[in-house]
Amino acid sequence: MEDKKKKKFNNNMYSKWGYIFIAPFFVIYGIFSVIPLAMTIYYSFFEYYFSMGLFPVGPNFIGFANYTELLAGPFWQILGNTFIMWGMGFVPQIVISLLLAVWFTDSRLKLKGLGFFKSVIYMPNLVMASAFSMIFFMLFGQNGPIVKALFDAGIVAENFDIFDTVWGTRAVIGFMNFVMWTGNTTILLMAGIMGIDPTLMEAAEVDGASRSQIFFKITMPLLKPIFIFVLITSMLGGLQMYDVPAILTNQTGSPDNSNLTIMMRLQQYLQNSSNYGMSGAISVLLFIIGGAASLLVFRSLIKNDLVSLDKVGN
Amino acid sequence: MKKLLVSMLLVVVGLVLIACTESYETDGGEVLVIRAWNTEFQDRFRAYYPEYKETKTDGTDLLKDGTVVKWIITPNENNAYQNALDQDLLNQSSAAQNDRIDIFLIEADYALKYVNSQYSLDIKADLGITDAQLSNQYKYTQEIVTSSDGKLKGTSWQATPGLFAYRADIAREVLGTDDPVEVQKAIANWDKFDETAEDMKAAGYNMLAGYDDAYRVFSNNMSKPWVNANNEIEVDQNITRWIEQTKEYTTKGYNKGASLWDSVWQSEQGPSGKTFGFFYSTWGINFTLLGNSLANPDQPAEVGNGLYGEWRVAKGPQSWYWGGTWIVGAKYSDNRTLVKDVMLKLTTDKAIMKKITVDTQDYTNHKAAMLELANDPEFGSAFLGGQNHIKLFVESANAISLDAISPYDQGITETLQAAMKDYFVGTVTLDKAWENFYTNLKVKHPELKEKTS
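Here the protein sequences line up with chains U and D, keeping their order. The numbering of the first sequence is the working numbering, which starts it at 7 and goes up by one. The numbering of the second sequence is the working numbering, which starts it at 110 and goes up by one.
Excised from the complex, chain U in its bound form:
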């Protein structure tokens, strides 16, 4: 009896050490993540800024006024911009990445120098986004070689500036995101494809399936988990798009606010007046939208999956 009690006591002692060992993580996580997160949500209900950056105003509790002001303004337009620019980069990116991933993993093609190609397509991601933006700004700027060539060819008028046009600027931003992230996505998809059992493809081939049939009926369905992962991480990254459009448009999101992303707006609120109230409200909305969008994508793709699994079972 006494022996049992002692054992139990010892158990408690051991578990205490476990808690102590994991405590540092929770303390640091609490101080640097939970408290700032709570403060962000808390201050989003306050009028709290520094007039001209130097004279404090507030904090005064104002309920949902920050949210209503935000939603009455161009918030949806800015959200739309963000998704459009993300989409313009993502659609070509996923198509090219899939194609490259399939080619690179196809043993029948016997491609030589795979390591070289993989490194080359990954390279743009190693360049700092700001440096990359500066290069594109010079290339496509009013004094740059592209506009000069277009002018010499008689396609554009004098004083033409790509960055004065809504879709021109968006296209440059989309193209940059495409170039920067294609390598990364290709590597991820390749890992996914290589995880598929090659005997399945061989079996299909023996049964007389064509290349495209193998791709759509075998590779794609089995690649779905990785595909969803790529889609969601890319979408969340896209929602937080900042560096490329900010540097390309000198932080203004010009022309006509059409290249303004949510993160740029948030930065503008903080830059001149340290507006903690409004930037808190933007962050909370961004969090909700990001969560909802991820859930939507996840649900719609997984649901189909469950249905097809059911069919297989039947």
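What the hints contain is simulated information worked out from the structure, not anything from laboratory work. One should not assume that every hint holds.
These stretches of chain U come out as covered by chain D in the derived footprint (C-beta under 8 Å, 3 or more residues) [what the hints assert, rightly or not]:
{"no.": "1", "stretch": "54 to 67"}
{"no.": "2", "stretch": "107 to 113"}
{"no.": "3", "stretch": "121 to 129"}
{"no.": "4", "stretch": "144 to 150"}
{"no.": "5", "stretch": "170 to 180"}
Even glycine gets a Cβ: it sits at the ideal position worked out from N, Cα and C.
Dock chain D against the given chain U, drawing on the hints supplied.
Frame of chain U, contents of chain D only:
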């Protein structure tokens, strides 16, 4: 959680209380900390401050009495200078003595923000500079830095009247003369200015480089400030005129589609440029235009190098000023005597002021010294083909008015120019441009409102 918050709050309150009651040294500091956004004042300081001894390899300066001068230079772009300065000023009272800012520089566009704050020293009451010592400065340079309760918070070594700088070679070709008096007749008012612009276009030149070139000339002559007592934006008629003129110039091709300070704007001032002239003030002519006009910046600046010697100045359609830098003593400075001495030597000393102008062509803030140079037949600028530009500056400086200045001018100017550019190039309608202006301005300054009439 609640306990934690309460204790954190207590610590903060405690620190604030300590800061409030703390007394601080006002003299005898070993390090003079100066904050600026470019090297203009640094160059002046090193060249003309009599106590300056040498620059050390780490970029700090040594004064003759052993004081170290530490420079913190943050570029102006995107408000970076003010953001960094504000952060340090807010923490100034708790900073280590040698890290405290002693001097910071400000510009006219946001001068009132710092002048009306508690972070700037009263140069008369706190530093002991007398009215007699300041008597030769231009009145307007003092009005800009006078707080709402009448305290003088800064002093400048320059006055910055603006002129119209034009290319002599283009003037000879299109107007038949490069004589500043004759050219002035062709640009004496905005109607004449528009007519000349048409002639320039016909001859294959642009009148102005871009959208914002004439902005300051219009905005300096506004009849009321941008922001009224209720924090409402009031759009002056002059701004409307600037928008109409710039739209017309853009549509008719009288300008080159540049924005202020961008690469096209700068290259238009060089040998490959096709632009007749630029509105520039004192510092711009000798600091910016001269640099941009050279074909080879590594070669000495002399006739034959690019457009050196081919620029002239004329008064232009209206009197105006642009920029200027003020020296402000920071609260909690531990070097008040030294700050006072720097101000006196570099902004009121007649011999030094005159020497700066003779050496650099900059226009200094000393009426008597400038008048001497204006009337000196020997004095002239080689860059301006021997023209005595000081004479024109003297006339212009006396006409500067400051009725329409507000602490929001920089934010409003930047936001307006960006919003209107979309209208000028035809991306949006005028109404949409105004709408964008108000939305984007409220992001910068939440306290401002659109005027509801």
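Quick rundown of the hints versus the structure:
no., hint, in the structure
1, 54 to 67, "holds (count 8)"
2, 107 to 113, "violated (count 0)"
3, 121 to 129, "violated (count 0)"
4, 144 to 150, "holds (count 3)"
5, 170 to 180, "holds (count 3)"
In summary, the structure is inconsistent with hints 2 and 3 from the numbered list given earlier, while agreeing with the others.
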